[in-house]
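Visitor: Using the sequences provided together with the hints, build the complete structure.
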Amino acid sequence: MTPASPAPRLIIRTPDGGHEIPLPVPGSPAQPLSALLAAHHHPLNTRCGGRGLCRACEVRLAAGSIRSIDTNETIHAPATIKACRHAMNAELQTQAVEGSINSAFRNPHSAFIEIPARALLRHEPSVVSNFRIKIPRSLDPLAPPPASTGEPWLGAAVDLGTTTVALLLCDLRTGETLSTASAFNAQVRHGEDVLTRINLCAADPQKNLPVLQSAAAGTIQQLLEKACSNASADLAHVRSLVVAGNTVMLHLLAGVDPSPIGVFPFTPPFLGHRRLVPAALGLSFGGSAPADAHLLPGPAAYVGADLSAGILVTGLLHDDGPALLVDVGTNGEIILKHGPRLLGTATAAGPAFEGAGLASGMRAVDGVIEDIRFSRDPFAQKLSLIGGGKNAGQNHLRSVGICGSAYIDFLAEGRRSGLLNERGRFAAPPPSGAESAFITHDDARAFVLDPRGRSGPVLVTEPDIARLLQAKAAVAAGIATLLDIAGLAPADIRTLHLAGGFGMHLDLDNAIACGLLPGFEPRQIEVVGNTSLGGALAVLQDRGLLPEIARACDLMESIELNLQPAFEDTYIDQLALP
Numbered sequence: 001m002t003p004a005s006p007a008p009r010l011i012i013r014t015p016d017g018g019h020e021i022p023l024p025v026p027g028s029p030a031q032p033l034s035a036l037l038a039a040h041h042h043p044l045n046t047r048c049g050g051r052g053l054c055r056a057c058e059v060r061l062a063a064g065s066i067r068s069i070d071t072n073e074t075i076h077a078p079a080t081i082k083a084c085r086h087a088m089n090a091e092l093q094t095q096a097v098e099g100s101i102n103s104a105f106r107n108p109h110s111a112f113i114e115i116p117a118r119a120l121l122r123h124e125p126s127v128v129s130n131f132r133i134k135i136p137r138s139l140d141p142l143a144p145p146p147a148s149t150g151e152p153w154l155g156a157a158v159d160l161g162t163t164t165v166a167l168l169l170c171d172l173r174t175g176e177t178l179s180t181a182s183a184f185n186a187q188v189r190h191g192e193d194v195l196t197r198i199n200l201c202a203a204d205p206q207k208n209l210p211v212l213q214s215a216a217a218g219t220i221q222q223l224l225e226k227a228c229s230n231a232s233a234d235l236a237h238v239r240s241l242v243v244a245g246n247t248v249m250l251h252l253l254a255g256v257d258p259s260p261i262g263v264f265p266f267t268p269p270f271l272g273h274r275r276l277v278p279a280a281l282g283l284s285f286g287g288s289a290p291a292d293a294h295l296l297p298g299p300a301a302y303v304g305a306d307l308s309a310g311i312l313v314t315g316l317l318h319d320d321g322p323a324l325l326v327d328v329g330t331n332g333e334i335i336l337k338h339g340p341r342l343l344g345t346a347t348a349a350g351p352a353f354e355g356a357g358l359a360s361g362m363r364a365v366d367g368v369i370e371d372i373r374f375s376r377d378p379f380a381q382k383l384s385l386i387g388g389g390k391n392a393g394q395n396h397l398r399s400v401g402i403c404g405s406a407y408i409d410f411l412a413e414g415r416r417s418g419l420l421n422e423r424g425r426f427a428a429p430p431p432s433g434a435e436s437a438f439i440t441h442d443d444a445r446a447f448v449l450d451p452r453g454r455s456g457p458v459l460v461t462e463p464d465i466a467r468l469l470q471a472k473a474a475v476a477a478g479i480a481t482l483l484d485i486a487g488l489a490p491a492d493i494r495t496l497h498l499a500g501g502f503g504m505h506l507d508l509d510n511a512i513a514c515g516l517l518p519g520f521e522p523r524q525i526e527v528v529g530n531t532s533l534g535g536a537l538a539v540l541q542d543r544g545l546l547p548e549i550a551r552a553c554d555l556m557e558s559i560e561l562n563l564q565p566a567f568e569d570t571y572i573d574q575l576a577l578p
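Numbering-wise (the numbering used here), the sequence shown opens with residue 1 and increments by one.
Hints were generated in silico from the structure; no laboratory data involved.
Quick caveat, the model's predicted, so the values are computed rather than measured.
None of the hints are false.
Just the calculated beta-carbon pair ranges, DEER-fashion:
no.: 1; residue 1: Thr174; residue 2: Ala466; range: 45 to 53 Å
no.: 2; residue 1: Ser558; residue 2: Ala203; range: 22 to 30 Å
no.: 3; residue 1: Asp366; residue 2: Ala147; range: 43 to 51 Å
no.: 4; residue 1: Leu563; residue 2: Ser436; range: 45 to 53 Å
no.: 5; residue 1: Glu73; residue 2: Leu235; range: 46 to 54 Å
no.: 6; residue 1: Pro340; residue 2: Pro565; range: 23 to 31 Å
no.: 7; residue 1: Gly387; residue 2: Arg341; range: 38 to 46 Å
no.: 8; residue 1: Pro340; residue 2: Glu568; range: 25 to 33 Å
no.: 9; residue 1: Gly433; residue 2: Asp257; range: 54 to 62 Å
no.: 10; residue 1: Asn72; residue 2: Glu435; range: 42 to 50 Å
no.: 11; residue 1: Glu560; residue 2: Lys207; range: 25 to 33 Å
no.: 12; residue 1: His76; residue 2: Val263; range: 39 to 47 Å
no.: 13; residue 1: Ser232; residue 2: Ala280; range: 24 to 32 Å
Using N, Cα and C, we set each Cβ at its ideal position, and we do this for glycine too.
Guide: Now the structure itself:
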C-alpha cells in the first residue's frame, strides 16, 4: 500500500521563527493569503482594506506558487507579492523547501513564505495612561454603587481609536485604577483609516457594517476580559462602560452606517450621548445585574467624542485661553479656545506619522528606531531603538524599522545637519561623511540608517520625505488657519495641549524645528497624554461631567478647512522645511 503523501502545507518564516499552516483543500473557495494568515493568528498590515493599493502586506514567496486574484496568473517563486491580492490552496504547485528552514518544518509538499517584520500586525500597544485630568471632579459614578452592599462595583473607560483601543478598569467605590489593557483595533485588518472603512460600508453596508461592528466590539470585549483577569476581578461586577472615540468609530461600534459622513454635507446619523445595554453593542458584562454602556457625544463629523473628552479633561472648556488642543494622529484634530469661542477642525494628515506608506515605517514596537541624532563636519549619526540599543547603524543592532517620532527627528536633524534642503530633497552634494549611506531604492534616492536591519536595510527615501512633509504641513496649516480666523499668532497661545500617544514620544524641539508646530516654543507646549481615555474615565467616575462634555459639543464651531480661502496657500507654504 502506497503511503499517503503529506498534506500540503504553507510554511512561513517571521522574525521570531518558523510556522506551518495547512493549505485549503482542493475545491475550497479561494481566499487571499492575508486572510489565510490572519485565520491562523498571523495578521498582516492590510491598511488599504485589502485592495492592493499599498505595499504594507508584501511578503516574499520563496518556494511554491500562488495565484493573482486580479489577473488569475500563477506566480512562481521567487517573487515578492501583496498578500491581500494573491490566493493559495492545495491545488497550486508546491515544491521541496528542505534546507530553507529548520528541519522541523521540512515537508516535500509545501510552499514557503517569508514575512518581514514591517508586514506583520503584531504588537501589544501600550496604554498611554499617564493623562492628566485637570478639572475638579467628584466620585459620583454613572452607575452609583448601592450603599447597602459591599459587593465589587467596577467600571471601564475605553478609548476606541482608529488604530489602537485602550481600556482602563476602575473601582467605582474608590476611584482606584485596577488594570489597563490595549490592543490593535481589529478593524485595522479591513482598512487603516476611517475613509477606507466608510467606503467599505458605502459599498455594501449589509455585508461590511456587521463585520466592522463585530471587530470593534470584539476588541473591547477582549480587553475588558484581559483587564478583569489581570486585576483578579469578575466580569459580572462591571456595571458601566464609557467609550470615547472619533465619530466614525462610535458609529461602527453602534452598528450605524457611517456612509453619510463620507459625502457632502458630511452629516452624521448621530452625535449625541447614547446609553445602551451591553448586548446592543455586542458586549457582555455585568452578569444578570443591570449594566450599561455609554457613547460620549461629539461635536461634528470629523471632530469627535475623543476631542470633546480632551476638551473636558484639559479644562479647555472653562479656560479663556488662548489655548490649543492638538492631537497629531491620522485625522490631525485641532481645537482652539479663545475667550467664549471654541473652534475645531480636522486635517487630512494621514497615517504617515504611524509609519504607514513609508519604506521602513512601522508603529512603535521593540527593535524600531525611535530617536535619531545627526551631527556634521564630518557627518555622523546616533540612533536609539525601542527596547534598548543605541547607534544601531554603527553597531549593527539589526533594527526592524522606523517609528513616527523618529521620522520627525529625521526631518529636523536632516535639515539642521545639511542632509536635507528646504524642499525636503537630499542635498547635493551630501554632507562630508554621508556619501556612502546613499543607495537607490525602488527607483528613488534613499538614505540608509541601518544597513543590516532584520528585514533588509532600514532607510528613508525621498518619496517618504514627501509624504511626511504633506502630513506635517496638513497639521501646521490647520493650526495656522484656526489662529488666523481668531486673529492670533503662535506667540499669543498660552498653552498648546499636545494629546495622544504620538505626542508622548515627540522631541518637542524637533517638532518645532521641522515645522510641525511652527512658531511655538517648548515652554508653551504641555504633553497631556491620552485625553480621550482620560475624558472617558472622568465621565465614568463623575456623572456630573456628562452635561459639561455635551456643552462643549454645543459650543463648538466646526471649521471646514477646504472652505477657507487661504488654507491651500498656507498648506503649500508649510510643505517647506524651515
